[in-house]
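Colleague: Construct all of the structure, not just a fragment, from the sequences and the given hints.
Residues per chain, in single letters:
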Amino acid sequence: MLIEFFLCLRKHGLKTSLTELLDLLGALERGVVFGNVDDFYTLARLVLVKDESQYDRFDRAFAEYFEGVEQVDLASTIPADWLERSLQRQLSDEDKAKLQSLDGLDELLKTFRERLAEQQKRHAGGNKWIGTGGTSPFGAYGYHPEGIRIGQDGSNARRAVKVWDKREFRDLDGDAELANRNLQLALRKLRKFARTGAADELDLNATIRATSQKAGLLDLQWQPERHNAVKVLLLFDVGGSMDDYIYECEQLFSAARNEFKHLEFFYFHNCVYEHVWKDNNRRYDEKLPLLELINRYGRDYKLIFVGDATMGPYEIAYPGGSVEHWNEEPGAVWMQRLLHHFTDAVWLNPQPTSHWRYYQSIDLMQQLMSQRMYPLTLDGISTAITTLLKKSVATAAPSPSNS
Amino acid sequence: MSFKSTESYIVADDLGLAVNAAVTLEKPLLLKGEPGTGKTRLAEELAASLGVPLIRWQIKSTTKAQQGLYEYDAVSRLRDSQLGSDKVHDIANYIKPGKLWQAFTADERPVLLIDEIDKADIEFPNDLLHELDQMEFHVYETGEQVRAEHRPIVIITSNNEKELPDAFLRRCFFHYIKFPDADTLAQIVQVHYPDIRKDLLSTALEVFFDLRQVPSLKKKPSTSELIDWLKLLLAEDIKPAELAKSNGLMPMFGALLKNEQDVQLVEKLAFMSRRQSS
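Keeping their order, the protein sequence lines are chains X and B.
Heads up, the first sequence is in numbering that gives the first Met the number 0, so the first residue is 0 and it goes up one at a time.
Heads up, the second sequence is in numbering that gives the first Met the number 0, so the first residue is 0 and it goes up one at a time.
In case anyone wonders, no lab produced these hints; they're calculated from the structure.
Computed cross-link-like contacts, DSS-like style, restricted to lysine-lysine with a CA-CA straight-line distance of at most 25 Å: (1) X/Lys230 <-> B/Lys59; (2) X/Lys277 <-> B/Lys118; (3) X/Lys260 <-> B/Lys31; (4) X/Lys286 <-> B/Lys257; (5) B/Lys267 <-> X/Lys277; (6) B/Lys98 <-> B/Lys63; (7) B/Lys177 <-> X/Lys277.
Computed from a predicted model, the values in this text were never measured in an experiment.
Modeller: Have a look at this one:
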């Protein structure tokens, strides 16, 4: 009973276990709810889901099982195997030029719906149907100047007019499983123990001393537990060219989250400007002014940038160089302000070191960071941490010009 | 049994069902939700409506799981032995039962509230797995086995400051208390202030929900703040018209906004909207 429902939940990625299914059946047998889908829904959610962030998934699974697909977005209506990365077509520039654009987005969407209704089978390659790797305006991993991208991990040619799978700025998943514990062990070097908080640990030496001073009458001495007191501020570059390194970043983030009690993180895009943000879904309305960041977190925070520093040099050097908004002051000034405040800072770059010299922007960033940029590898992290632990690099950053 | 709204407490339907299911199946009920949505209050009301005692275990960052079972006061035993007291021969004199022990040995089936479990150390929930599942534990010092005669109704609250371990979650029912909608909120207010004027209430609710819409507030006002605010409005006898026309900071804003940055933000927004309208 309810086995299919259970499997449907698992299919949607809910980590429901057999114990919970049995609990649900037990509740039904005891007659907690009877003959009412709404009540059953509440009960099933109560027993099977253990986190409010999973409620949405549960809702979709429930809808699928009980009412069929009632309302889902276009991207998930299309069977996944249509979109498998099977035929990645290589197009020459001539081919690309040959492709003609359809008029406007509305036209495109209309045609898309019509095609979707017409088409019943999986399709790959051609130039009309929805599928993967072709030159039709619809589908993934293909090339068409005004194409719609569906269900694809990151942009291929980065040119789709509308991205259905809005995943380019997805939040980094702190729970990503670590492929190797080494990363965490490397971070572990960045430790500074201090005794803070409530005194609840027996201080044996002091107790013995105090007791002997009182001629054997017991006098207990307490001390606070040891904690890792190092404070870390992580700034992640997200989106665009960073899509290729999302796995490495997730690993680092997950390791850092487990290791540091005082860990703060923010996101930026390409270069740091006036604002950083914490939630990629609401990055336009909930952003934190960089000056506030500087005021809020003290100098004792270790600042770690994670980014590929691959961008147009003007994004660093000129006002208005940002690809997303008009910035009054160049990114370099904001970088200097940060580095002036946070004297212990490093930059971790997921790009292989051998590629660095081909990008002018990396060179610029290296200068700003006073050569404290390291590759995002185990060795790189170890070196970076050694740098962070070194005292007095205070003079490294030139003071920012206040324009 | 069925747990319903009382004269002084409004229970949403799904929450009522959650409580009933947890009571029937004798599973701990884990409650999450924004601060001020009445998580702790629920346990009090449940105990009152069943007419059973409420045993409350308030968790702090220094609380250890063992403290909920019992504590062995070795220090006073040692001291007693130095002073030559007779008590010292029976170790049971130095075992102090904790909240769980009290709940297990209560005469009738009590409600046990484990409040703010997320404040404790990350291992805390894991240390209670067996005790909450089997409702029994062993006292090493005396060799005694403490077993629950009546399985207590366990209500656990969390403010989501820490993730709880999977193994622990598997043993609980979970309910997330949504922020109440305008109708439920009006009911709640009616329960607290039966003679509040209708127009004042609706204007106040409007202002309140508008305020919750303001993005990037550090702390969104919740039900308990709304109720405090209404109390002040009533005490000061503020007219609904006055409330509606003050398009700047609302009167008595201190009850709603608990953070000076939030106050500044709302002030700024009000200033901008005044400038636009003039």
